[in-house]
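What follows is the residue order along each chain.
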Amino acid sequence: MDLLKIAYKNLKTNFSFYSLYFISVAFVLMVFFSFISFAMNDVIMEKISSDGRVETMSKTVAVFVMAFVLFYMSYSNSFFLKRRMKELGIYSLLGYRKSSMLKLLTIENIVICLLSLLTGVILGAILHKGIIEVIIRVLKLQIETSTIPLFNYGAILFTLSFVFAALIVLFLSNWIVLRNSSVLNLVRMEKREEKKIKIRLSLSIAGLLFMVLGYILAFDITRGVESLWKTIGFSPMALLTMLTVVIGTIFFIHSFLPFSIHKLEQRKNWLYKEMNIIVLPNFKYKIRSKAKTLILLTLLAAGTLSLFASTVLSVYYPLAATERIIPSAIEFPVEDKGMASKALEIVKGTNNVEDMKYSETTIIQVTSSSANLPFEYSVKGASGFDLVSESDYRELIALQNKTAKIEKLEDDEAILVKYRPEEGDPDKGNVYNLNLSASDNVEVMVKETTLINPIGFANSIATLIISDTLYQKIKTFGLPEKTIMSIDGQNMRENKEVYENLEPLFRDDPYFASSYQRNEVITQANSSTFLLIAFVTIIFFVATGSILYFHNISSIMGDKDDFMILNRMGYNNKMMKKIINKQILALFCIPYVLGVTHSTFAIIAYKSALMDDLLGRNSAFILPVLVAVVIFTIVYIIYYMVTVRACHKIIFTN
Amino acid sequence: MKAILTARDVIKFYNKNQVAGLNKVSLDIESGEFIGIMGVSGSGKTTLLNILSTIDRPTSGDIVINGVKINKLNEKKAADFRKSNLGFIFQEYYLLDSLTVKENISVPLTLLKKSPQEIEVSINSLAERFGIKEQLSKYPNQLSGGQKQRVAAARAIIKKPSLLFADEPTGALDSKSATALLHKLREVNEELQTTILMVTHDAYTASFSSRILIFRDGNIIKEIRRNNRTRKEFLEDILTEVTSIEVSNE
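So the protein lines, in turn, are chains A and B. Residue 468 in UniProt numbering sits at position 468 of the first sequence, and the numbers go up by one each step. Residue 166 in UniProt numbering sits at position 166 of the second sequence, and the numbers go up by one each step.
This is chain B alone, in the form it adopts within the complex (with noise of 0.2 Å):
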């Protein structure tokens, strides 16, 4: 397998004389992967995120995605970079209110100016997997919970980016809809193929993914590997680490 991305000791200042929000953290993201990273809040995952994703700078290290230095890109080439390689899901959905669902998950692929046969296959087949068909004329405020962040998920899809970066994307569902959402997550991952990173608290939530890294302190303290484990046993043995890690803390 190719990593899609790799990271070499990154480290993140928010102040000056302040303590590290990264404290030199390398790793690497193969093609196909779905990342989970944990830790407690204020333990820099989301600030990993915020760097991998071209929303925040590093103090210095490098970050390659797909052979392209995202660390260096001017303003302008991050934006393009975003437009055409990576994909997002956050907490608050962050869907457009005045677009219709259907407008919403087209965004990406007009940006990539696609033909309007394209996209319109392309939303179909997506809304049809998210099971979101029937939504696709309404509003974002008419919607669910967990319709919406189906619908973000859609969006974040459909442009089949090489990597798609989910910020707590069950923190504000129920767990039902959080089931489901993680679920077609998964499917997506390996029926897809898409590279997936995503940043939890949650060790249920974390359970979807074949790897999980945890953070503390702005490092990584452990790598816990799913292998071919069920998700069961993955999820008890997550529970036994991150149980261990906070007794070792007191």
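Just chain A, with the same shape it has in the complex (with noise of 0.2 Å):
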């Protein structure tokens, strides 16, 4: 029976109980191997990224990969390493060194990690490849797939080497816990006596506070000039309310929510029920014990879901935005009648085009001297106000296929077109003085605004739509004029032919504008940053969800001789189950909760401080945040059920 025989008999009997290990290590190293892959692919980087961006990117995601995979192997491992301290001690009992029992660790830890790697790699190359398939299809790259290598031997390498380092870092682990544990507490680990939990209640107010105080400053961002993120600055208010809520949750979880169960248990009539009498304790006891962990997963759940989260709210935003930035397919100003109708030409005589609608709208350029102007009517070059007539209008409108309501407007009535929605619609009811000429003027009225704009923001801002007697009356004095042509139709707006046939005939104008071409700028701009996030968010949320997993089957394990006494009490396997499965999700929940919280207010923030918000609607920003977090809840129930499912098992077989 030399130490070896032993190793592997060990890890054969415990094979359930190292298996998850097992499995997680590998995905994560499956994750880890892929994303080398892709970083170390020249070929790829070289199409996807032109001035070093993405590489300068991959690297720093690289290192918070590496050091969090590295952090999730040491966790793991310590965790397996306490729960087998009875044995250790065994063997130290019939008097193995303490040498020998670290190389038993080591070559177990070698075997499953070597294992772990090779299935990693082996899946990692494969889902690299897939990812790099995809990435070619959406960005439309000119590479032959057949010239990307399945493994890439320095990516092979490179995680061959993380994982020599990582053992590494294991083994020292190991080696420093085996030396601080004398013989006597491997074999006298009598369990440790449950302390009595102190619960301050200032400590829990202050959770609490803190915690809503720092939802509240993330809040106050939404108050635009006003708010506190604009007159303090921005990074101090982002350090603050980060501090803030950090420091919440710790508290929150630490000591509030073991005050709320201390509180619940007071009302008798509550606590004297048979599930709540054994859950409600054991709850309370286990947040505390766990405090730490609960505290880091939280954290780590509302980081990534806020990065994943922004991420997807970064891409989905502009391609969103792009409906009002360019309404129509395609938009020139017209400047020269030919090269207008050379442009119709080769619009329709596009092969798939069917159906093409156009106009050109004449824009009447004026200045005002109210005093009352909108920002708009400043933030171009040449002050003014673009006119538009209320036909020209409805007609673009029609073209674009969107329906406005607006009623007839009156000689001194207009609608200002806002570039983005503001709180109150201060410009409502506004007069603006308009200077026809040295002599002559006219006053509007604004009776409403409107965020449907008929031209795109590169042609036209401060555009004032108005009656078409007045814009009649307007034209006569020969104020300076510029034709916009808006070209849509079925279809059109994501016509890549039509764009490519254009281009050659608009090289460079700043004023062409095309739908189709701003959409695949910004996929190209941002995903590979994408590719990267989801990278990072997939290896945390499989981490978090194992250190869940791990957590409870160690706590289960323990509570193995309680469950027995229950079962003699009188507690069936049903009510047994529930009470395992109550347990279980409580300790899930924390994480899932806070997190799903926290990262709603971080996007909040996130979206009012950088997002230019043209829409002023809040379903584009719903969205994104939805699809983060049904993603994250879809990871965390199979998490639960995979935990449920081990814990039963472990109470319920001998």
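Derived from the structure by calculation, the hints contain no laboratory data. Glycine included, every Cβ here is placed at the ideal spot set by N, Cα and C. A few of these clues could be false.
To be verified - Ranges between beta-carbon positions, derived for each pair:
#1 A/289 x B/30: 47 to 57 Å
#2 A/289 x B/138: 30 to 40 Å
#3 B/138 x A/180: 52 to 62 Å
Please dock the two separately framed chains into a single complex, following the hints provided.
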């Protein structure tokens, strides 16, 4: 019976116990390997990154991922080591030296890590191929996929060195644990006494207050210019909010939750129920003893979720905003009649165009001497309003397949097109004095404002819609004018050929706008970022789920005797299963609920601070967050179910 | 008879400024003795076993086993010493769950690098003695408590230790299994001349030994020898002594 054989037997009989460790490490290494293969692929990198931005980013991400994978591996390693203290004690009693035990642990680690590595590399290579395929499709790159090898040897070498480094770290941490444990505490590790939980009212209240304060601070950003984020500054406020939420989370989990359960326990008619009498005291104790892990998991979940949701948002939002920035599929100023008709011919002649609609709009540019002008008036090079007639407006809107409920305008009325929505609609009711000539002017009152702009912001901003009769009257004054051609039609917005055929005609014209081209630019610029963040997110989700699994398993193993006693006292299997499920659910809920709430507020702040709000509707913001939360929820539900099954198995089999 | 273990003025403090766990304990154990150590919980009996068996270290005092000053051994040497000299039986069995009964019993001899033939022979004769022949290929979790403890005993004895330490060996057993195990220990002590030091709080268990040391507050306060009395007479004597100590305590 040499140690190697014992190690082998131990791995074999405890296979189910180690299998999740193995699977999760293999999974993490799989994602890690495909990430490294991706980052080390010069062919792809050359295509998707011209300025080295993606390379820098993937290097940064790689550092984070490596640090986290290392953390996860050493966390699970020490978790397993703690569970095996008794076994090590027996070895020690029988006369095994600590160096032999360290050898045993190291051999086991090497076996598990190498098996995980092998699995991870094989699956990771396939995953990497799949990702490359998707990227090439999405970015429409001209790459022959067969030229990209399935196994990137550089990446294999890198991953191997990483695992090797991880093994050294595990070896060292095992050595430290063994060195610090005497034979006495290995053998005589009587169940540590459950300390009476001290609950401080002040800390519980502080936890709740800090967390709410953090949320209020985050939400304050939506007040816009008056918010503290603007008056104090973004960075200090971001730091303060994060700090407040972190401190709040710590005390909330450490003190407030046990405190609330303590209060619940004092309501005797609530406590003395067959389930609650077991679940509540147990939960209170577990939260406290696992507070450190729960806090860590909550913050990790919140961070990952925020990162992921903000990435989804920063890809999705600009795409959604294209419909305002370029409302028609193609738009350009008409400076040369011949060129305009040539452009129309090209579009008509493009193969897949069946239904083309176009419209020419003449804008009159006018200045105003009123005091209360909207900010749009002065954002462009030469300040002024762009006047569009009501019938042109209706025609363009119809061309773009949109509906706007507007009543017929009187001659002294106008509709102002806003760049972004403003709280309380401050422009409504304003009267603007339009200068028609040195001696003539006319007053119009803003009857309402709208976010449905007929022309893209590249060609017109501060657009003022006025009645046809007023428009005709102003036209006679010979003010500067410009004509815009808008082209739209079925499937026109996504039409690649139309853009590619027109592009040579308008080379380098900044006023030539194509919705297809804009969306392409956004996708190209963001998809690699998105992919990198997706890698990180997956690794983090899997790791946090696994940590929760391990914790629940270990605590249920410690409770096995308690359940035997419950059974003898008359709790049947169904009731005990219910108790187990409730205990597990409670531990899953804390990081889940807090993580989702934290990240929701983080996204609100992120969106208000960094995204230009053009759409003025919440759905554009809710959808990406929902996507992130749904993925997170699915991962957690799977982990919850796996954990429940494993725990039932532990309690109900001998 | 030669002394196999001598302990002189052994003191153990758990925390500074606290009551001593062991308060200047001295004792001698001769080869082939079966010593019972009795006392209520907290009296220091388990502390003594831990210190005498290299599991724990004394604050001061000297312990010599087979001519080796064990309180001076470093960790590595202590492990080697346990490997070749000491056997253990605990209330909790401490069997390796992933090894079969046979493999469990074989571990101490493989550590001593004995030949496979020798190991086989030893296992078979011990399995016979402890009545676990049928169980050799089973895993510990397929056994009853009594069987587990007999496996643990076989594992402790197989290397012919100079000293066998037993800490409440019957604590988790029903009375029938407990009696059977104690008879086996007695038998091993008499036939194989194994020296045994057994800690127990139970007078019946203690009555299987040949000499009993009663502990209180970290001191040996009483020694009872069986001499040539029957076990029943010895048990009655133990009970009388224990009761009188308890009465004087009140």
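Each hint tested on the structure:
| no. | hint | in the structure |
| --- | --- | --- |
| 1 | A/289 x B/30: 47 to 57 Å | holds, 49 Å |
| 2 | A/289 x B/138: 30 to 40 Å | holds, 36 Å |
| 3 | B/138 x A/180: 52 to 62 Å | violated, 36 Å |
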